[in-house]
Structure formats: C-alpha cells, structure tokens
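One line per chain: the protein sequences are A and B, in this order.
With the numbering used here applied, the first sequence has no gaps in its numbers, which climb one by one up to 240 at the end.
With the numbering used here applied, the second sequence has no gaps in its numbers, which climb one by one up to 240 at the end.
A portion of the hints provided could be inaccurate.
Any copy will do: because identical chains look the same in the list, a pair fits if it lies in one copy or spans two.
DSS-like cross-link-like pairs, simulated, lysine-lysine; straight-line CA separation at most 25 Å [to be verified]:
id : residue 1 : residue 2
1  : Lys58     : Lys205
2  : Lys130    : Lys205
3  : Lys194    : Lys64
4  : Lys58     : Lys237
5  : Lys236    : Lys58
6  : Lys212    : Lys174
7  : Lys212    : Lys237
8  : Lys185    : Lys205
9  : Lys236    : Lys141
10 : Lys98     : Lys141
11 : Lys174    : Lys185
12 : Lys130    : Lys141
13 : Lys194    : Lys205
14 : Lys237    : Lys174
15 : Lys98     : Lys236
16 : Lys194    : Lys130
17 : Lys58     : Lys185
18 : Lys174    : Lys130
19 : Lys237    : Lys98
20 : Lys141    : Lys237
These are calculated hints, taken from the structure and not from any lab test.
There are 2 protein chains.
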Amino acid sequence: MYKDSNLRTILKTISWRFTATATTITLVYLFTGQIRTAIEVGLLELVAKMIIYYLHEKGWARLKFGRVEIPAYVIWITGMPYSGKTTLGNMLAESLEKDQRKIQRLDSHTVRSLFPETGFTREEVNRHIKRVGHLASILEKNGIIAIASFVSPYTESREFVRGLCRNFVEVHLKSTAEFARQFDKEGFFDRIAKGELRDVPGVDKPYEYCEKTELSFDMRQHSLQQVHDAVLTYVKKAYN
Amino acid sequence: MYKDSNLRTILKTISWRFTATATTITLVYLFTGQIRTAIEVGLLELVAKMIIYYLHEKGWARLKFGRVEIPAYVIWITGMPYSGKTTLGNMLAESLEKDQRKIQRLDSHTVRSLFPETGFTREEVNRHIKRVGHLASILEKNGIIAIASFVSPYTESREFVRGLCRNFVEVHLKSTAEFARQFDKEGFFDRIAKGELRDVPGVDKPYEYCEKTELSFDMRQHSLQQVHDAVLTYVKKAYN
Numbered sequence: 001m002y003k004d005s006n007l008r009t010i011l012k013t014i015s016w017r018f019t020a021t022a023t024t025i026t027l028v029y030l031f032t033g034q035i036r037t038a039i040e041v042g043l044l045e046l047v048a049k050m051i052i053y054y055l056h057e058k059g060w061a062r063l064k065f066g067r068v069e070i071p072a073y074v075i076w077i078t079g080m081p082y083s084g085k086t087t088l089g090n091m092l093a094e095s096l097e098k099d100q101r102k103i104q105r106l107d108s109h110t111v112r113s114l115f116p117e118t119g120f121t122r123e124e125v126n127r128h129i130k131r132v133g134h135l136a137s138i139l140e141k142n143g144i145i146a147i148a149s150f151v152s153p154y155t156e157s158r159e160f161v162r163g164l165c166r167n168f169v170e171v172h173l174k175s176t177a178e179f180a181r182q183f184d185k186e187g188f189f190d191r192i193a194k195g196e197l198r199d200v201p202g203v204d205k206p207y208e209y210c211e212k213t214e215l216s217f218d219m220r221q222h223s224l225q226q227v228h229d230a231v232l233t234y235v236k237k238a239y240n
Numbered sequence: 001m002y003k004d005s006n007l008r009t010i011l012k013t014i015s016w017r018f019t020a021t022a023t024t025i026t027l028v029y030l031f032t033g034q035i036r037t038a039i040e041v042g043l044l045e046l047v048a049k050m051i052i053y054y055l056h057e058k059g060w061a062r063l064k065f066g067r068v069e070i071p072a073y074v075i076w077i078t079g080m081p082y083s084g085k086t087t088l089g090n091m092l093a094e095s096l097e098k099d100q101r102k103i104q105r106l107d108s109h110t111v112r113s114l115f116p117e118t119g120f121t122r123e124e125v126n127r128h129i130k131r132v133g134h135l136a137s138i139l140e141k142n143g144i145i146a147i148a149s150f151v152s153p154y155t156e157s158r159e160f161v162r163g164l165c166r167n168f169v170e171v172h173l174k175s176t177a178e179f180a181r182q183f184d185k186e187g188f189f190d191r192i193a194k195g196e197l198r199d200v201p202g203v204d205k206p207y208e209y210c211e212k213t214e215l216s217f218d219m220r221q222h223s224l225q226q227v228h229d230a231v232l233t234y235v236k237k238a239y240n
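Kindly generate the complete structure, drawing on both the sequences and the hints.
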C-alpha cells in the first residue's frame, strides 16, 4: 500500500500549474494578443486543460518518486486463556482494515493448516511460537500488518519473535483465573478444576512477564474497547 | 499496492477543471468585469491555483473511490533438480520488483525456518508442499506475488495448492538427467550414480505430469531468458 508524500504533491502541484498557465497564456496570445473576455478563455480552457490534466495525472502515475510505503508492523497479543486476546485481535483488524491496510490475523485457528500443533511442553510451545513469528515477519516485510494472538507464555520465544520483526508491539492482557472464568462458555476452567487440563499458563503454571512489553493492560480495570483504542493510538503514532 | 482506475482519473480531472475554471472566472470578474491581459491573470492564477490544486490533490488522496488493487498471483515453478527453477524464480522476482510489486520467494531455503523438512516419502513431500501452498495463498490473498520453486513432483499436492490459490500459474521446467547434469556443480548426479541418493523425481522416480499446467518448457529447447519472458508476458496479460 502506498500514499503520496507531501513533497510529491507539492512538486506535482508546481508541475501542473506551470503546464496549465503556459497553456492559458499561449491560448490567450493566439486569441488576439490581448484577451477578449474571461468567459471565452474559461470555456476554451475548460476543454483543453481537462485533456492536458488527465495526461499529466497519468504521467505521474508512472513515476515512483515520492511514493512512500506506509510501514507495516506486528501486534503480538499475549496473555492467559480467556483474557480477551482473540476478540481484541479481531477488533483491531476491523479498525485497521477501514484504513485500507492489509491485515493478516494469526491465531491457533489460522495457522493450524501451516503448523499443526505438536504439543504443550515448553520446548514444543516455544518452537511453535517461533515459527509463527517467522511467518509474522515475512508478512510484515511485505507490508502486511500481522495481528497475532497466542497465549505465548514464555519470554524466550516472544523475545525471539521480537528480534525477527522490524516493528513489534507486544500487548499483554493481564487477567486472573477468577476474572477470566466469566468469559469461559466452554467449561475450560471446570476441566482445569477436575484435573483434565494441567499446566495452563497463568492458571496453574506461571506466565512469564517481560519488561520489554510495549503495552500491558490489567483486564479487570480496562474494557476491551479501551485497550483497542490505546493499541490503535500507539501503532498509529509509532508507525504512520 | 494500488493504482488509479481510468474512471478515477477522469473524474478527478473534471472535478479539478471545474474548480480551477470557476476560480479563473471569479478572478477575471474581480479584475474589471472584463480582463486586462492574459499575463496578469496568468500570474495571479499561478499562485492561487497552485494552493487550490494542492488541497484538491490532498482531498482526493483521502478518497477510496476508483483506487483499485492490482491482483496478486502465485507462480509455482516445478521440475526435476537442476532444471533451472531457482534461477528462473529469482529472475522473475527481480523483474516484478522493478514494477514496485511485492514479491515473496518461496523455496526450500526460504521456508526452512517455517517448515523444517520432515522427509522424502511421498506422503511427507505432499504434506510439505501443501503447507507451502497454504503460505502462498495467504500471501496472495494479501496482495503479494508468491514465486515458489520446488521439485514438487506429485500431481496431488500441486493440484491441492492450485485449489487454494485464486490466481495460480504452474510453470513446469522439463529436463532430463543428461541435460540437467551440466548445471550440477555439487556432484548431485554423481551421488545418484553411486547410489547415495535414491528416489530422485525425474531421475530414478517419475515426475507426475498434469494437463492443467499453465506453462511447460523443455529446457533443452529454451533458454532461461526465453522462459522468463514468456512467464512474465503470461502473468501480465492474465492479471494486470
């Protein structure tokens, strides 16, 4: 995606004005040496300059100069299950798409066909997150905003992904099992209570905090809309 | 990446001309009811319209209308080892990048960090190619031209990838072991002869042809430059 720099538009303006005014002056001269009436010239100009302007626009469309790329970035949403990661990611994607940005959502659903989950040991989770990070960095390099939402509880793999990306914003949604439980319609926390699920980061296994995290929100104190607005303000300020 | 449609430029031209001519006529009227000289008006116009034009350009830059996306596509280069796939892929990428297109090259080197090779059985190769195809389709969907070069000898996985992509061009480089050997600086064919490498598609295992292949070239009859030119002509005609 491209936008025009101010310099480009200024130069385009100057180049058009010289073209158009030279045309007007030439026409006026051809019309008597002096000019009869503003209307006469205006009407003639109406036709002639329209054609010239169109060709001028088409000529500029072939020029690269001053056509700048708006940088892409990776928004990495991390936090315990039911902290709101997926919903936040979808809200951000919707807002950014309105700006005609290219967005790719990455979550366990999206990447399943690329990287079938291999397991839940620390090593397996880290390997999975690193692969997703490689994908996010390929997308970012090609001008696509990647919005990833993964529990990604380990500092090691999150830092690895940060290192791969040019513009990386880690958004940590901090929650507690007590608070998160209200969003659990699938009986996830019941299964933990029954011992059917174990080693859940942020629940019965620690989530590793990192001081480099760009944005961190305690979900007991902020609505998802507030978090969405804050993240959007941050990325637009940092990368637009 | 975006370009302006002809309709957009025509409407922009009309909107500018009405603005500019109205300005000229108003100025001319303010200057006497009749006009003094073309030069006087020309000079005043030079300044006034430049400002108006600039604002007009900036206004249009905010408008989506008529701003069309140039479609992306997937070029899938397939064929036996040393048939020229990688070189062709790189040549195509270089040419397309000159047109300011976003390109992602996909080959075994590029995707190694995403999908470490798992093996060389038919099933493993098919699984690998399908994953790469998922990646290619994600890139294509986001406006990036994916240029993949893989031996990919099996029709099953190539057809699977074709089904995932919107715009898919399969380019088959047909060669023979005798002909390909001259490009082998790493002793690849010597290792096959010694029995160190086996089941090499196109050498001691069949390469599966597919009648849906868009472009097929016998490398004994065409230079890489000829193939490059033909592929470029094809994609520009089909997708620009």
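Verification of the hints:
1. Lys58 to Lys205: neither (61 Å within a copy, 53 Å between copies)
2. Lys130 to Lys205: Within one copy only: 20 Å inside a chain, 35 Å across chains, cut-off 25 Å.
3. Lys194 to Lys64: neither (62 Å within a copy, 54 Å between copies)
4. Lys58 to Lys237: between (33 Å within a copy, 20 Å between copies)
5. Lys236 to Lys58: Between copies only: 19 Å across chains, 31 Å inside a chain, cut-off 25 Å.
6. Lys212 to Lys174: within (15 Å within a copy, 52 Å between copies)
7. Lys212 to Lys237: within (18 Å within a copy, 49 Å between copies)
8. Lys185 to Lys205: Only inside one copy: Lys185 and Lys205 sit 22 Å apart there, 53 Å across copies, limit 25 Å.
9. Lys236 to Lys141: The answer is both: 18 Å in one copy and 24 Å across copies each meet 25 Å.
10. Lys98 to Lys141: both (21 Å within a copy, 17 Å between copies)
11. Lys174 to Lys185: within (19 Å within a copy, 56 Å between copies)
12. Lys130 to Lys141: Answer is both: 16 Å inside a copy and 23 Å across each meet the 25 Å cutoff.
13. Lys194 to Lys205: within (16 Å within a copy, 54 Å between copies)
14. Lys237 to Lys174: This pair counts as within: shortest intra-copy Cα distance 23 Å, inter-copy 52 Å.
15. Lys98 to Lys236: within (13 Å within a copy, 29 Å between copies)
16. Lys194 to Lys130: Neither way: Lys194 and Lys130 sit 32 Å apart in one copy and 39 Å across, limit 25 Å.
17. Lys58 to Lys185: Answer is neither: 56 Å inside a copy and 49 Å across each miss the 25 Å cutoff.
18. Lys174 to Lys130: within (22 Å within a copy, 37 Å between copies)
19. Lys237 to Lys98: The answer is within: 17 Å in one copy meets 25 Å, while 31 Å across copies does not.
20. Lys141 to Lys237: within (20 Å within a copy, 27 Å between copies)
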